[in-house]
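> First to last, the protein sequences are chains A and B.
Here the first sequence is numbered in the working numbering, starting from -10 and rising by one per residue.
Here the second sequence is numbered in the working numbering, starting from 45 and rising by one per residue.
One or more of the hints may lead you astray.
What the hints assert, rightly or not - Listed below are the simulated PhoX-like cross-link pairs for lysine-lysine, each with C-alpha atoms no more than 20 Å apart in a straight line:
1) B:Lys86 to A:Lys98
2) A:Lys102 to A:Lys50
3) B:Lys101 to B:Lys86
4) A:Lys95 to B:Lys122
5) A:Lys47 to A:Lys58
6) B:Lys122 to B:Lys101
None of these hints come from the bench; they were simulated from the model.
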Amino acid sequence: AQSVSQHNHHVILSEAASLELGCNYSYGGTVNLFWYVQYPGQHLQLLLKYFSGDPLVKGIKGFEAEFIKSKFSFNLRKPSVQWSDTAEYFCAAPYGGSQGNLIFGKGTKLSVKP
Amino acid sequence: EPEVTQTPSHQVTQMGQEVILRCVPISNHLYFYWYRQILGQKVEFLVSFYNNEISEKSEIFDDQFSVERPDGSNFTLKIRSTKLEDSAMYFCASSPGASYGYTFGSGTRLTVV
Chain A
-10 AQSVSQHNHH
0 VILSEAASLE
10 LGCNYSYGGT
20 VNLFWYVQYP
30 GQHLQLLLKY
40 FSGDPLVKGI
50 KGFEAEFIKS
60 KFSFNLRKPS
70 VQWSDTAEYF
80 CAAPYGGSQG
90 NLIFGKGTKL
100 SVKP
Chain B
45 EPEVTQTPSH
55 QVTQMGQEVI
65 LRCVPISNHL
75 YFYWYRQILG
85 QKVEFLVSFY
95 NNEISEKSEI
105 FDDQFSVERP
115 DGSNFTLKIR
125 STKLEDSAMY
135 FCASSPGASY
145 GYTFGSGTRL
155 TVV
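Here chain A stands alone, though its shape is the one from the complex (with noise of 0.2 Å):
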């Protein structure tokens, strides 16, 4: 079945500390992967996705993620991230059919201690 699956349940960092969160994904079609954020009492919101071409993405708030096929891999980082990255984190990629609904991850929550 297809699925998403992401690492870690909570991360903890001090500001400044570089982030790295993991995603796999199993789906045998055309890949479309999303990151989305949740901040504290807030509805999701779109950081980046992955559509094809470059398989480095730049998102907002400094945030990046790469596409690895072989690894069946979209990983999200952030080189130094604020006390203001604390949310929860969720990978998404579609659950299959012309629709594109999408399937989402457990979700990471992060934890930026300032």
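Got chain A; can you put chain B on it based on the hints?
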């Protein structure tokens, strides 16, 4: 920036009652979705809607649930005979096309007591 609007932000209902969750998608979007997130768990797909009909639904979306786009503007999720386990945050989303990133609403927190 265009938004997806959901009302109410919080709804408390008694078990067995019917609730209607309302959403106003972005006006030029064509695809509409409902997702839910039970506290502490992942975001789960419920249903997608395109061209005035359900295009796909998950196992969660059983006969208890229905969706409607009554007036070309609103997109509603109806839950009949609510159960305690229906308590969750329900998110509406819309998209201009298949496989594009969605724009999510701020959610309705449904509490069934």
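> Does each hint hold? Answer for all of them.
Hint-by-hint comparison with the structure:
1. B:Lys86 to A:Lys98: 11 Å, holds
2. A:Lys102 to A:Lys50: With a Cα-Cα distance of about 18 Å, the restraint between A:Lys102 and A:Lys50 holds, given a limit of 20 Å.
3. B:Lys101 to B:Lys86: 17 Å, holds
4. A:Lys95 to B:Lys122: Violated - the C-alpha atoms of B:Lys122 and A:Lys95 are around 26 Å apart, more than 20 Å.
5. A:Lys47 to A:Lys58: 17 Å, holds
6. B:Lys122 to B:Lys101: Cα-Cα ~14 Å, so holds.
When each numbered hint is compared with the structure, a violation occurs for hint 4 only.
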